[in-house]
Structures are given as structure tokens and as C-alpha cells.
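Given the coordinates of chain G, work out where chain A should sit on it, guided by the hints.
Listed here are the chains, written in short residue letters.
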Amino acid sequence: MFGYAVRRVLMMVPTLLAISAIVFVIIQLPPGDYFTTYLNELQSRGESVDLNKIAFLKQQYGFDRPLYLQYVYWVGGLLQGDLGYSFEYELPVRTVVGDRLLLTFILSFTTIVFTWLVAFPIGVYTAVRQYSVGDYSLTFLGFIGLATPNFLLALVLQYLAHVWFGTSIGGLMDAQYIDQPWSWGKTGSVFAHIWIPVIVIGTSGTAGLIRRLRANLLDELRKQYVVTAHAKGMHPLKALLKYPLRMALNPFIADIGNLLPQVISGAAIVSVVLSLPTTGPMLLRALQSQDMYLAGSFLMFLAALTVIGTLLSDLALAALDPRIRFGGQAVS
Amino acid sequence: MSEPSEPLAHYVSRAPYDPDEAEPMSAAQRRFYSASQWTLMWWKLRRHRLAVASGVFLLLLYAAAAIAEFIAPYDLHARHTDYLYAPPQEVHFFHDGAFAGPFVYGLSVRLDLDNMRWLYSEDRSRVQPLRFFCTAGDYPGARYSFWNLAGGAFHFICPAPDGQLFLLGTDRLGRDMFSRIVYGARISLTIGLLGIMISMLLGVVIGGIAGYWGGIVDSVVQRVIEVVRSFPELPLWMALSAILPVTWSPVAVYLGITVILGLLDWPGLARAVRSKLLALREEDFCLAAQLMGASPRRIIFRHLLPSFSSHLIASATLSIPSMILAETALSFLGLGLRPPITSWGILLNEAQNISVVALYPWLMLPVVPVILVVLAFQFLGDGLRDAADPYR
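Residue numbers (this note's numbering), protein chains in the order written: chain G, 42 to 373; chain A, 4 to 395.
Excised from the complex, chain G in its bound form (with noise of 0.2 Å):
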């Protein structure tokens, strides 16, 4: 179990590398650097502008340097905690993000927690029973869940409560805990609030979630050592949990690499939509604006969230179904 952590731990590495450099190619593709574009805009403005503070920006992160060395001072500051310097706000990116990279984590994590609650019984349900008239509707379902885009049910969502209730959904906290520091209030409120956008970005991962639980089982419960299990008189309940279940419960843990992505880039669109204080939204503004560090750093930030999570989902994995952790190979 330990060398296989370690062998995959070290294969993050080059992923990561690899993400870095891209991350780091769509940052420098706008044409001209910033500070040109920054110093032609500003003066085009007629604003003044402080020279010394821009030629201390550019040595501190090496913009009189080749490329490659800029590449290296970016990930060397990455690194180190440093995220870059946000061009539009005049502050360094990390006080720009505040807690958003906290709230977008939180949200994420939410939304798959929810997912395996609602997916769970829901997928095992439509496997024991099949074809019945449950399993029929609940697929049917799934399918629509699946197939309408969230940022689309975010703002029916918000349409219908604006009609209904005459309330705006949006929003992840209670007007008096924005940019106050974290106390029980703040989570309590958070708490309060996550559910709506959890379930509009829950909805199409619960639809596959359920769709490949359901299959997964329903081959499990045709094999003959169920067969056997039945006809021997085992308690169905028993001969339902004891293996069967067992053995179709890896998916859960082995989709959290296609989950995670997918939640990530819901999470992003249907923040702008909810306004909601995650990365979505800035990035959306720092795209906008050009403002590439701060949505270079996003970015990153949700690449390595996605890496890292995958990561996790794997050692789990391999901690539960030994032929993994031996073979080195996933069976599916």
C-alpha cells in the first residue's frame, strides 16, 4: 500500500508540471505584456502612473527575463504560497481571493457528498427493483437531470423563486457575514445557503452516478455466487448487502476523477449565474478584464483541486479493493 502511494504520488508530479506550463502558455498568450497594456491603458485614462512600483513588479516576477526563467519565478511563487500580482485590483492575488478559494473547495466538497447521498439508494433501488415502474420514472429523470445544462437550471431556479417567493436565491451567506472573518454565524449561514446551488450543480453527476451504479449492480446480482446465495435460502437482504453492493460500491469512489472536473466547471458557471463568492465569477471578470495572473491562478488553482482530488479517490480505491493495490492495474 505505502509504495503505491508513493508511485502515485510521483506520477502528480509531471501532471501537475504539465498543467503549470499550459496554465502558464495561456497566461502569456495575449498579445504584448501586461505592463505595456497597463501603462498604455492607464495613460490613455490620463491617469498618473508610479514607475518605480511598475519596475519593481517587473523584477519581482522577471519580466525582464526569457520566458522560461518567467515560468520558473511563477511556479517558484506558486510554490511558495505567492499567486501572482492581480493587475485590475493593485493587490497581490491572495488578498484579491480572500477566502473564494475556501467557498469553492467547500462547495465542491458539498455537491459530492450530495451526489453519493442521493445517488446511493436511488441507484440501488433501480437495481433490485428493474423495470418497475420506480426504476422508470427515476431513470427517466435521471435523464432530464442529465441532459439540462445546470447554468440553464440555475436561472429557471432563480427565476421561479423570484416569482414564487419574491426572493433573489443567490448568494452563499447572509448580507452581514460578507468579508467578515469566520465564526460560527458565518459557517451557519454558509450552510444555510449551499443547498440550492449544491443541488442545481449535483444534479447531472447524481444522473451518471446512478445510471452507472445501476449497472454495475445489476451485473454483479446476475452472477452465479448470487444465484447460489438465493437458491441456498440466504436472507435477500444479506445476499444483497454481503457482496453484491460491496462489489458495485467501486464506482463511487473510482468516478471522483470525471466527478470532480465536471462539478469544478459547473461550480464556475453557475456561480456567475447565482453570484455566488467562489472563483467563478472572478475568473469570469479577470477574463474579461485580461487580467491573466489572477485567472491564470485560478485556473491553476482548479486543476490542482481536480489533480489532487483524483489523487485521493485512488488511494481510497486501492486502500478498499486489494487487486489494485497489488496489480497496479484498475479492473473495471
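Hints are computed from structural coordinates only; laboratory data are not their basis.
It cannot be assumed that every hint is accurate.
So, partial list: chain G residues that the calculated Cβ filter (under 7 Å) puts toward chain A [unchecked claim]:
#1 Thr-56
#2 Ile-67
#3 Thr-189
#4 Leu-340
Note that the structure is a prediction, hence the values are computed from the model and not measured.
Each residue gets a CB set at the ideal place from its N, CA and C atoms; glycine is no exception.
Leaving out everything else, chain A in the frame of chain G:
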């Protein structure tokens, strides 16, 4: 004893060989066993009612998008400045208890000075009968340029000469929503097809190389796929489309977006191609072809590719919806296509502000075609995937 060179005497039937003699095949069986792969697939798909219905629905939509000019009563950019944010008009059949054919009542407009918005009501005295197959072009916005090739004014349905026909209302600038949705279909429906072509080309080539050569090439490709897949798609799409230069023309941006969508979608297809190739390479027919001296090129294109092209088409169909949704999401956020090019996402961009939507809910209507198209592609793709294995 006979001579050693003489063959042993044995019975040889002179009758022509008939393989069915021992076990006669019915006509239906014969048809089944001699049917081509595509025929088998079609037979199986035909049984999947929902998939066939979805396929027909999609074909109709594409046909409608091709002749959008005829279907939409107004031109894409026609503005009716007297009718800003007009609500959808209802089509009536009976006026004062008497049948008057399909018609709409004229709109009367009043400015509500307290809330600063236009209020519309039906003017029951003005009956404006609808006209069908009209070519006159005698109302504003009737003239168009068909695919920018030839001018014309033919419409399947159009309003009375001095009347209006806003089946789904108008937007901020007084443009007819129904016409705009019809025109928007042209962009929204094609962007998925173009994107999937790019993605399929990349997927087949890269996956094919990895699957056929294996070894180092394979592991490099696998790593690249892993990296691309570990990106959350939407933020990356957002970043890439945000860096398309502002100076590009709308058509260039349209092409740029398709390329971006295609560039990030190929890993799934490449992975499918690779695993299929790896599995098929071990099949007997492939070994037989190798033993008969076929070149790798012949084996790949003549034997391997046809045997999984059906799977390829099925998985391509299943990834079109995600492209349509991605374009809609990007344009909705204002990072995708740029006006005057109009897609459903661009139309939804107007519905971003909830206070506007609450007053004029018909701005949200482009959601409906998006969901219908995505569902249809999903059903069709599911049916195709089941049908792709005709022998199962």
C-alpha cells in the same frame, strides 16, 4: 492390387454444391446472415423508437436551420422600435364568435411613466389575419438575403401588411424572438458538428497511433490524455475563448470557438479508439490478414477501422451535446460568439439579469430548444451505441 499412382476409387457427386442441403435456411435467416454491418445496425436502431424519433426530430431541425429565412417571419436584425419588449402574441381563430381564420389582435402600447416600461395590451378591434406563403415583402423586416447569396422575401408565414407577428415576443431592441431563435439554430446546431469533426479527426489519428504502435508512443499519449482530462473543462474553455483577439471578425471568432471546443474534446474519443484498436488487434481476422501478408495500412483502414466505426459514430453523437452546451455557456457568459452572429447562447445572454427576466420572462425561451436538442442527441446516441453491437 491397383497401381500405386492410381487414386483410390471413391464416389464423387457431380451435383452442384448446396450448403443449405443439410440445414436449410429460411429466407429471413438468409437475409440476416448476409446483411452488411450497417444494415444490421439500422435494423437494430429501428427497434429503438425513441432514438429514431430523436433522429427524425434532429433532421427536421437541421433542415429548418438550413432554410431559416423562409421559416422566420422577420429578418434576423429587423428592429421594431415601437415594440420594445413586446410580449408573445396569441394566435386566435374566432373573432366575436365567428371563425376568422388564424389571426392575431393588434398591440396597443402605453408608456407606464411610474415604472418606466412599455405596457402592451391586445387591441380587440384590430384583427390582423396571418398570411401563408407570402412573397410580397410588404412589411418592415420582410426582405432578407438568403445565405448572403440572393435577396428574397418569401416566408412560410407572415403578418398582415400593417400588422405585427411576435409569436415569442420581442427583445430589448424590438427584435422578434421567434425569428432570432430560428436563425440562432443555424449557429448553435452547426457548432457541435464542426467541433466534433475536429475532435474526431484528432481522436482517430492520435488514438490510432497510440493503439497501433503501443510502447513509448502509447504511454506518452496516455499521459497527455490524462493531463487534458484533469482540467475542469469549462474554466479552460473560458480562458481560451477569452484570449481570442478582440480584433477578429465574428466569423473568425466562430471558427476559433469551434477549434477550441474540438481541441479539448478529443481525449475521450482517442481513448475509445485506442482501447478498441488494442482489443481488435488480437482478433483472429486481424491475425489472418497479417498471415496473408497485408500491410499495416491495409489492416488499419480495411479491417480495423470499419469494425469500430459504428462505435466511433455513436460516441461522437454522444459528445455533440456537450459541445452545444459549452458554446451556449460561453456565449451566455459573454466569452463566446460575438454579435451580429446569433446563437441560442447569445440570445440567453440577454436573460442574465434576473430583474429583467422577471419582467420579460419570454427572454428565457431559448432554453427550450437547447434542452430539446441536447435530449434528442442523447437519446439518438444511446440508441446508436446499443445498435453498434448488432450481434449482441
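Hint by hint, here is what the structure shows:
1. Among the interface hints, the one on Thr-56 (chain G) holds; its C-beta lies about 6 Å from the nearest C-beta in chain A, closer than the 7 Å criterion.
2. Interface restraint check for Ile-67 (chain G): the shortest CB-CB distance to chain A comes to about 5 Å, inside 7 Å, so the restraint holds.
3. Look at Thr-189 (chain G): its Cβ gets to within about 6 Å of chain A, closer than 7 Å, so that hint holds up.
4. Of the supplied interface hints, the one on Leu-340 (chain G) holds, with its beta-carbon coming within about 6 Å of a beta-carbon of chain A, less than 7 Å.
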